[in-house]
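Can you build the whole structure from these sequences, using the hints too?
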Amino acid sequence: MSEHTAASFHDSVQQLRRRYPDDRSAIMGALHLAQGNHGGWLPPEALEEVAEAMELTPAYVQSVASFYDMYRLAPVGRHSIEVCTNLSCALAGAQGVVDAFEEQLGVAPGETTEDGEVTFRLIECAGGCGYAPVVVVDNRYREPVGPDQVPTIVEELRSPSRG
Amino acid sequence: MAELTVLRDAAERDLTKLGEYRATGGYQQLEKARGMAPEELIETISNAKLRGRGGAGFAMGRKMSLVPPADKRSGPAYVVSNADESEPGAFKDREIMRRTPHRFIEGCLIAAHGIQSKNVFIYIRGEYLTEFEVLSQAVEEARGAGVFGDTDVVVHRGAGAYICGEESALLDSLEGKRGQPRPRPPFPPVTGLYAGPTLVNNVQTLASVPAILELGVARYVQIGVEAAPGTVVYSLSGNVNRPGNYELPLGTTLRQLIFDHGHGVAEGRGLKAIIPGGSSVPVFTPDQLDVPLDFDAVQAAGSFLGSAAVIVVDDRACMVQLGLRAEKFYMHESCGKCTPCREGTRWLVQLLERIERGHGTQGDLDLLRNVCDRILGKSLCALGDFAVYCVASYVDKFYDEFQSHIDQGGCPFGGESSIEGVLAPSDMHTHSPMASPVPA
Numbered sequence: 001m002s003e004h005t006a007a008s009f010h011d012s013v014q015q016l017r018r019r020y021p022d023d024r025s026a027i028m029g030a031l032h033l034a035q036g037n038h039g040g041w042l043p044p045e046a047l048e049e050v051a052e053a054m055e056l057t058p059a060y061v062q063s064v065a066s067f068y069d070m071y072r073l074a075p076v077g078r079h080s081i082e083v084c085t086n087l088s089c090a091l092a093g094a095q096g097v098v099d100a101f102e103e104q105l106g107v108a109p110g111e112t113t114e115d116g117e118v119t120f121r122l123i124e125c126a127g128g129c130g131y132a133p134v135v136v137v138d139n140r141y142r143e144p145v146g147p148d149q150v151p152t153i154v155e156e157l158r159s160p161s162r163g
Numbered sequence: 001m002a003e004l005t006v007l008r009d010a011a012e013r014d015l016t017k018l019g020e021y022r023a024t025g026g027y028q029q030l031e032k033a034r035g036m037a038p039e040e041l042i043e044t045i046s047n048a049k050l051r052g053r054g055g056a057g058f059a060m061g062r063k064m065s066l067v068p069p070a071d072k073r074s075g076p077a078y079v080v081s082n083a084d085e086s087e088p089g090a091f092k093d094r095e096i097m098r099r100t101p102h103r104f105i106e107g108c109l110i111a112a113h114g115i116q117s118k119n120v121f122i123y124i125r126g127e128y129l130t131e132f133e134v135l136s137q138a139v140e141e142a143r144g145a146g147v148f149g150d151t152d153v154v155v156h157r158g159a160g161a162y163i164c165g166e167e168s169a170l171l172d173s174l175e176g177k178r179g180q181p182r183p184r185p186p187f188p189p190v191t192g193l194y195a196g197p198t199l200v201n202n203v204q205t206l207a208s209v210p211a212i213l214e215l216g217v218a219r220y221v222q223i224g225v226e227a228a229p230g231t232v233v234y235s236l237s238g239n240v241n242r243p244g245n246y247e248l249p250l251g252t253t254l255r256q257l258i259f260d261h262g263h264g265v266a267e268g269r270g271l272k273a274i275i276p277g278g279s280s281v282p283v284f285t286p287d288q289l290d291v292p293l294d295f296d297a298v299q300a301a302g303s304f305l306g307s308a309a310v311i312v313v314d315d316r317a318c319m320v321q322l323g324l325r326a327e328k329f330y331m332h333e334s335c336g337k338c339t340p341c342r343e344g345t346r347w348l349v350q351l352l353e354r355i356e357r358g359h360g361t362q363g364d365l366d367l368l369r370n371v372c373d374r375i376l377g378k379s380l381c382a383l384g385d386f387a388v389y390c391v392a393s394y395v396d397k398f399y400d401e402f403q404s405h406i407d408q409g410g411c412p413f414g415g416e417s418s419i420e421g422v423l424a425p426s427d428m429h430t431h432s433p434m435a436s437p438v439p440a
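Listed in order, the protein sequences are those of chains A and B. Just so we're aligned: 111 in the numbering used here is position 111 of the first sequence, and the numbers increase by one with no gaps anywhere. Just so we're aligned: 139 in the numbering used here is position 139 of the second sequence, and the numbers increase by one with no gaps anywhere.
Worth double-checking, as some hints may not be accurate.
Covered by chain A, according to a simulated footprint, are these stretches of chain B (three or more residues, beta-carbon under 8 Å) [what the hints assert, rightly or not]:
#1 31-43
#2 46-60
#3 128-138
#4 237-248
#5 327-340
#6 417-424
Note that these hints are calculated values from the structure, not bench results. Cβ atoms here follow ideal geometry from the backbone N, Cα and C, with glycine treated the same way.
Take a look at the structure:
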């Protein structure tokens with residue numbers, strides 16, 4: 001993190017803390033911010049930055065971060081592809097979509113492609129059951145997605161024009 | 001077409017814009033409410049018999065009246081809206097927040113006046129990023145226009161945890177802790193957020209409040225059924241031709257919802273099972289299609305309306321597989337605080353896996369029920385119960401299918417079930433291998 005990013009992170013967290021009667025409530029927002037600054041996951045130094053800005057211990061910050069699925073404590077790819085396989089999506093054929101991504105990406109769910117571009121994972125119900133199967137690409141919902149749309153999604157992420 | 005209250009005008013107008021919402025009479029009910037004494041407002045909501053749309057169906061007016069009035073409390077009271085919609089099958093709050101955020105905000109502010117609170121917190125699940133943005137923008141627009149007065153509204157983003165939809169876990173999470181349920185009593189209206197009196201209500205419940213004031217109690221109670229007036233946004237999903245959200249009067253039957261609105265089972269297949277209130281509730285069979293979808297009628301028929309999330313299952317699905325997939329969800333989402341839920345959900349997954357793979361014995365079916373009994377009612381929150389309601393009902397209502405797995409030494413669908421081999425996030429976990437009390 002650059003000095004500028006560090007200063008602005010610190011300021012943003014202080015701003016968040018002022019929004020709550022008890023400033024510890026800002027920890028989730030601070031973790032979201034830190035994760036964004038660190039390429040989509042929370043390395044130990046990110047937890048330390050949050051701890052410092054929140055005036056909490058790194059151990060406490062880690063205890064909170066490790067509870068929630070969206071805080072990632074291991075490195076992730078530049079992009080993320082997530083497929084919901086809960087009941088409604090499963091009934092609508094989500095496993096076919098999982099298989100198609102597995103084939104297209106060459107990695108199993110839970111893994112990152114060798115080039116570090118895409119982390120592929122399964123998720124629990126995302127709240128798109130009426131538009132199943134639900135696929136979440138870089139935190140944005142695509143719904144519904146059939147196996148035939150999978151190559152286009154992967155290609156889109158891998159094309160150099162995309163940040 | 002039935003009268004809409006929650007999603008009224010949302011198809012015709014872009015209600016995410018303050019001007020558009022105001023053009024339909026938006027925020028006028030807030031003005032009306034602020035002209036009423038708080039106790040009068042609570043009485044109005046009580047008389048309208050508005051019941052919570054988040055799952056438990058608790059009367060909102062009653063909940064408000066449990067919050068000590070301003071002169072009988074030492075500190076501030078809070079309004080917390082539960083927008084952590086995570087029940088498998090439910091996607092109604094998402095639509096409400098995305099399409100009519102101001103009606104929801106208006107409901108929050110009316111509730112705040114009722115309990116004389118100056119602080120509203122909206123806890124929205126982290127995955128709903130687009131909805132978070134829409135809602136935050138609406139909050140800022142309303143704030144800028146002076147709608148809030150001296151009340152503050154904070155939109156708080158969660159980070160992926162089903163348990164945080166449980167109100168006491170939500171409060172811990174909002175306080176900056178791991179989201180684990182609290183022992184009760186005390187209940188949130190007495191001791192909630194920051195130990196202050198707190199009114200916790202679901203998005204749809206709050207979004208239903210403006211219509212009560214607009215229509216008046218006498219007209220509002222004409223919608224729906226006598227014990228539970230009003231509309232509900234039913235989330236219809238699964239093997240149905242037209243899945244989606246349908247705002248209809250409470251008491252609409254399953255048959256009307258699935259066949260009239262949802263145009264029947266997809267691909268003309270046979271109907272096998274219906275989950276009437278999200279994955280956590282006991283399953284219904286096709287002979288129960290005429291059950292009206294209101295709190296009391298669904299309960300009398302042996303299930304719960306829950307979040308009114310209706311999942312249609314056609315005859316291609318293996319019920320053991322469905323139970324296994326549901327159970328893996330509860331295992332994954334158990335917060336780990338209470339032993340019966342934390343360990344029991346793992347045992348249920350292992351037993352179901354054995355049965356599905358053809359290694360189950362007759363005794364395993366009894367053991368499955370025995371484990372269910374040892375979880376039910378023995379945890380601080382309802383997640384443990386949810387993990388049991390679904391699977392126990394699959395065993396009870398589809399006993400022959402479970403029995404066939406034992407008798408045939410494998411799945412009678414022979415690899416042809418519609419959900420064959422579906423993986424769950426917990427299948428990917430390598431960091432916490434499960435202990436194996438039941439040898440596979």
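**Prompt:** Hints broken by the structure, by number, lowest first?
**Reply:** Hints 1 and 2 contradicted; others consistent.
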